[in-house]
Structures are given as C-alpha cells and as structure tokens.
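Could you build the full structure based on these sequences and the hints that come with them?
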Amino acid sequence: MSIEIKTTSIEPIRHTFSNVAARLGVDKPASRYQEATFDLQATVNFHYRPTWDPEFELFDERRTAIRMQDWYSFRDPRQFYYGTWTMARARQQDVAERNFAFVEKRNLLDTVSDQGKAKAAEILVPLRHMEYAANLNNCYITAYGFGTAITQATSFNAIDRLGIAQYLSRLGLLLDGNSGQVLDQAKRDWLEAGHWQPLRELAETLLVTKDWFELYVAQNVVLDGLLYPLVYERFDAALAPEAGSTFSMLMEFQNEWYADTTRWVDATIKTAVAESDANREQIGNWTRDWMQRCSAALGPVADQALGANQGATVLGELRDALVQRLDKKAGLSL
Amino acid sequence: MSAKRMNLREKYQRMTRDLAWKPSYQSEDDIFPQAKYEGIIIHDWDKWEDPFRLTVDAYWKYQAEKERKLYAIIEAFAQNNAQLNVTDARYINSLKLFLTGVTPLEYAAHRGFAMSGRNFPGAGPQVSSQFQSIDELRHAQTQIHTISQYNKYFNGFHDWRHMHDRVWYLSVPKSFFDDAMSAGPFEFVTAISFSFEYVLTNLLFMPFMSGAAYNDDMATVTFGFSAQSDESRHMTLGLEVIKFMLEQDERNVPIVQKWIDKWFWRGYRLLALVSMMMDYMLPKRVMSWQEAWEMYFEENGGALFEDLARYGIRMPKYWEVSVKEKNRLSHEVWSIFYNYGHAAAIHTWLPDENEMAWLSEKYPETFDKYYRPRFDHWRKHHQEHGRWYNNTLPMLCQTCQIPMAFTEPDDPTQICYRSSEYKGMQYHFCSDGCKDIFDDEPEKFVQAWLPVHQIYQGNCGGASVPEVLEWYHLKHGQDNLEYLDSQDRANWLRWKGLTEQAEAVLQKAANE
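Residue numbers (my numbering), protein chains in the order written: chain U, 1 to 334; chain W, 1001 to 1512.
Simulated from the structure, these hints should not be mistaken for lab results. Just to be clear, a hint being listed does not mean it is correct.
What the hints assert, rightly or not - Output of the computed footprint for chain W on chain U, the stretches with three or more beta carbons under 8 Å from beta carbons of chain W:
| # | segment |
| --- | --- |
| 1 | 15-26 |
| 2 | 83-90 |
| 3 | 177-183 |
| 4 | 196-208 |
Unchecked claim - Derived list of chain U stretches under chain W, where covered just means 3 residues or more per stretch with a C-beta under 8 Å from a C-beta of chain W:
| # | segment |
| --- | --- |
| 5 | 41-47 |
| 6 | 134-141 |
| 7 | 296-310 |
What the hints assert, rightly or not - Partner residues aside, some chain U positions facing chain W, computed with beta carbon under 10 Å:
| # | residue |
| --- | --- |
| 8 | 37 |
| 9 | 164 |
| 10 | 279 |
The beta-carbon is built from N, C-alpha and C at its ideal position, and this holds for glycine as well.
And the structure:
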C-alpha cells in the first residue's frame, strides 16, 4: 500500500538557466555542479585593461599556450563546487583529527625509535614549505587561468595545500611537544641543507613560471606525481619497520587527498590533449621537460629518505609509473 | 613527554607565516612583481595582524556545517514551492537585480582575491585574501543555487551571466569591479575590502537580505544569515588592510586617502541601484534609503572616519553631496528605470496609493513636491495612451555609467552635467565625484565599455530596440516591460488561484 502526501503542484516555466540549457542541449533540470560552474567567469566586454598587465584583458585566453574551443569542456569528476568540496574535506579532516588525537592519547610516538622520529622530522616537515609553494602556484592558476571549470578546482586545491602544510606543521609540533624546534630545524634545512636545495630552487622557479597551464603541468601533474608516491608511499613504507603505522595515520589525509586529486588532474589533462594535436604536443613537451627537472630536484631528497643510491632507482620507477598513468588515464603518451 | 601549550597566536604564526621563506634562487621582485608599482611602501610584512587566525581544518569544519544547513533549507524551499509564500510577485524583481547585478560581483571578488592572495609578499595577507577568495566563490554559488528555484517560475533570471556583460545598467556594477581588479593589489583591497565591505556592506548586501526577511523569502534570508559570519570576517579584514598601510609608512597616507575618495564615490554611485530597490521594489519595505544612509553612513561611517583621523585620514571627498542627495536618489533612479523599462530585465511599475503615502511620509521635503506629480502624470498617460517608454538612448556618465539623470547638489530641478577634455575628446559626467575620478586616471576611464556608445557603434546586435534586446538575450514581453501586464503577474495570480484575473492580465498584455 502506498501513502501519499498531497501537495500543491505547479508547473515550472523552465528547468534551468539558459546558458546551462544551451550546454545541455535541452532545457532539463541541471545538477548543482553544472549551475554553479558553467560560464561563471566573464569573457567579453571588459572595461579597462589591467594596469599590471596591459597586454591582456582581465581574463584572457592568451595567457597560456594551450588553446580550447570551450574552456568548459573541462569537468571535475569529483563534481566539486564549494559545498561539495568543503563537505568532503570536513569529513577527511574529521578522520585526520581523530588520528592525531589517537596518536597523542595512546602515546604512539613513544613506540617509535628515536631514529625513526628523526627521519620523519627530517623528511616530512620541510615539505610544508613545498606545500606552501604549491598553495601559491594553484592560487596563481586561480587568479590568471581561464574558465571556472578549471579555476574553481585550483582554488580548492590551493586551500587544500595550505591545509596539508598545516598538517605537516602539526606533525612537527607533535614530534617536539610544541617547542617548535623541529619546525625551526626543518626550515633551516629547507634553506641550507644541500639535499633540499635543488627542490627549493625548483619551488622558486615554479613561483616565477608565467604560463598558468605550464605551471599546472609542472606542479600538479609532474611534481606531485613524483613527490606524493615518493613520500607518502615509498618513504612511509621505509619508516614502517621503525614506526609501525603511526606516521601512516598522521599522513592519511595526504594519501586520501592525493587519490581524489589525481582523478581530477588526469581528467584535466585528458580533456586538454584530446582537444588538438597542438595541445598534445605542448603538454607532452612540458611534461617531459618538467619530468627531468623535478626528478633531478627530488633525487637528493629520495637518497636522504631511502638511503644513499636508492633515489635514482626509485625515481626511475616512479617516472615509469607516472608515464604509464598519464598514458592510461589521461591519453598522453610520452 | 608532556606537550607545551601553545596559544592561538603562536600556533597560527607557526601554521601560516612560518611557512614562507626568503627566496634566494629567484628575486622577490620577480616572485611578487606587483608589490611595489602602486607606490605603497611596506617595511615589515610581519606587522600584519591576522584578524582571524583561522586554520584550514577549522575552516572546513565550520563552513561545511553552514553549507549542510543551508542546502537543507534550499531543498525544503524547493520541495514546498515556498517561492509562492513571498509577499508579492513584484518582490521577485529585487532578486533579479541581485542575481544579474551582485552575484557576478561575488564571483569577480573570488578571482580578485585570488590575485591579491598570490601577489602580496607576506604570508599573512596572502592567507587572509585566499580565505576571502574562496568565501566569495561560496557566495556566488550559493546565490545561484538559492535563486535557481525562482528561475524556474519567474522571468528575468534565465541568462543572468550573459546579461551582466551586456545590459546597460549592469555595466554599472561590472565596470565597478573591473576598475578594482584592473588596479594593483593594494588598491583592490582598499576598494573591495575597505570601501565596499567595511564602509558599504550594510548598504548593499544587507538591504537585499533584510528585504528578503521582510518579504517572506525564506531561501534568500537563510543564505543571508549563512553568509553573515563570512561577511563580518571580510569587514574586519577591510579595516586591517587600511590600518596596516597607514601604519607602515606615512607616505602611504595620501595614496590611501585618494583611493578612499575614489572608492567611496564609486561605491556610492553603485548603491543608487540599491536605493531604488529599497524604496520602490520591496512590497514590504524595511527602511527608506534616506534612513539607511543616515544610520549606516552618516552615523557609523562618521564614527569610523573619526577613528581614522589619527592616521591623517579624513572623510571621503564629496560625502556631503551624498547627504544632499539622500532624499532624491531613489526617486531619480526609479524614474530612469521606468523610462527604460522596455530594455531592462526587471519589471517596472508605479507605486500604488499606499506606497505613495509611505514615500510622502519618508520624504516629506521632496516626494510630494518633485516626484508625485511626475508619477501622477505617467499613471494618467498609461491609462489614457498606454504605458510610456523612452525610446531615446540616454547619455551615460563616463565613470559610473549611470544615465545622466542626477540633479545638481543644490538644485533638485536641474540635471547635473560635468565634462572634461582629454586628447581632444570631450567626456561627460554625472557629478564632480565622477569627474575627479576620471581626471585622475583619464587613460583608464577613456577605455570604458559604455553600453550606449557601443549600441551606436553597432556592437550590440543592431540599432533598434528589438535587435539590442535579442543581443542581450532579453525576451521581449517576458523579461521586460510593465509589471501590471506581465506574465510574472499572470502566473502569480494563477498560482494563487485567481484564474480570472490572470486571464485579464494576459489579455491586456496581448492587446498592447
């Protein structure tokens, strides 16, 4: 038997906004993601040229070498708009919070050898500076990129990176009982230690990279594509004999984050290379170029993390894995 | 090992500023190329006082909680067709003005704060800007989702984004934000965080939200409440930005004063659209424009500028003109829209007898003397000859882009005209405030995309009204014209069970 609440029913005169209906090809109810994304950014009739860049309009497709017929062909497979993004991250931060609390309450760090703790501090904590650069890089793409479909996702990514930098900072504070010594040492290492200098130099190069799509490839595709597996898989595994799963718990956010972000990064590259041979060639060249540079910059860190002379082998494997991933998931064969 | 307790300030310091480092492989000037060209001198970015000390995990947690509540209400609103509960279908027109005029600005602010979030050399202001950037995206998207339900049942909303970049009166808000974003990061935050958010938010954002509350629009007022805590963060940032610049170097004072003068006047002119919304478009009124200006600008703003006097900052130039205009502004602007109601994506109408009585009471010195006779005349014309529309395109002010219909500060019967010559061309302005802004940066303001000039230059689909409307994506007979004969009104009557009256409206519209 069915029961039914009687309600006033009135017929809508349309089902979505005209621009959304035009993109869907028909006036039908649209998703929140679609209504919140399509055509949000102005594309025409700008009033004044930017005083900081008078060659271009405020928003201008020509700020990158990549060309698209329609910048809204990019879709985020996670369907993130502000609401879905912030709710997803709130759930993940809840888990992270519980993990940090658990480690503290059970004094799990006491079960880790001093050597294990020192290694974690040495490798993980300086990376908060790299995450800060990643924050600024994604903020740059948000500012100067074209089309809300990409720029809203990079704006979420920018805040995510700041969040990750803060989780790494908390890890540092957890290691030294909030004295701040670990953070201070990590910063000195970032600024002075030989094995961090190539990566810091790379970070500073990224901060002056002008083509925002190239920056996307360098930071989000290549550098993250090598650094995340290196640190959060390989180094995590190397720590396990000393630390059990204590550090894995404190890095769970990064692992989960990287998995969902990779889906979006792959989808973005797939759309861009499928658009034209020129895009494919440009993105291929950028990827090859940055693969070499990122790999060189990460070498000393990998050696430091995994043991001398391990770095080159591991990075070779990670490069192969990234090449395969891009081939399989993004349709980009290098 | 027992952990040392860290206070919030120390913790925040570690979590944000401490992340930045002094570069050595690239120069700071290359990494932050916009930091110096506006002439603002900063000696120590660490003196920046973070107003919130919000970490990202806390941000996600609070914001997600707010989003969950808001979307639950939006869904319930749609399920119950609660758009039928508003006071009157005329009210919906203020939402049309909001979606076409304000929501795109929220989005522009999102991108603008991403720019300042990347360009300020200090981690403190970077992070503050970035949080505001993402909040502004939230506002744009939640507004779209809130108003989406209205779009399904009323005209005028359907191509809001397309219209924002084209329709004549929407170039007023668009040019305002383009102006701020095409400036450097310091002027941008002065314009938006200080003048717009701090000095004028209570006169822009809040009248729409209070209007929603008074007119039983549950969805929009829920959005308003949900955005309120974000807005107060933004207002605090606005004040911090100003104080930081003023405290860093006294040579910054004249630059900041010039920006305050400019952006006060730019913002005030933009608010002209809000003044007509408050006095004419809300079936149930919250307060008059004059009352709002007295409370939020003259009293609150006055106190703020007294506080800033110790830095050598004075009241914005021409503030006294805004006071002289307070009892005519809304009437003059509604008259413009009544004239050009055939080219607007909102409906227009004449106030009814009760509303005229309210206007007389709120504006005892001006309404009966100057505006009632005008409305009586238009009403008579409508009854005897049909609704009158002005088919001559108006001259626009080169700076604020509003049709030149404002009157002399000391004579409400004389239209105010000002002009300047630049490189052999003459440019026209509605006021001394707008003329000064142009004279200070003529090379910028000569570039303005003036809708009327663009129509005459053939860039807007053609020279006739129907061609231009088509180019605007404005559906003639649905989105525009008189409210009394509109589809919106006919549908509203039908949904309210008043079928016969609905038929009469449609019949009359068909005959005109």
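| query | Which earlier hints can't be squared with this structure? | reply | 7, 10
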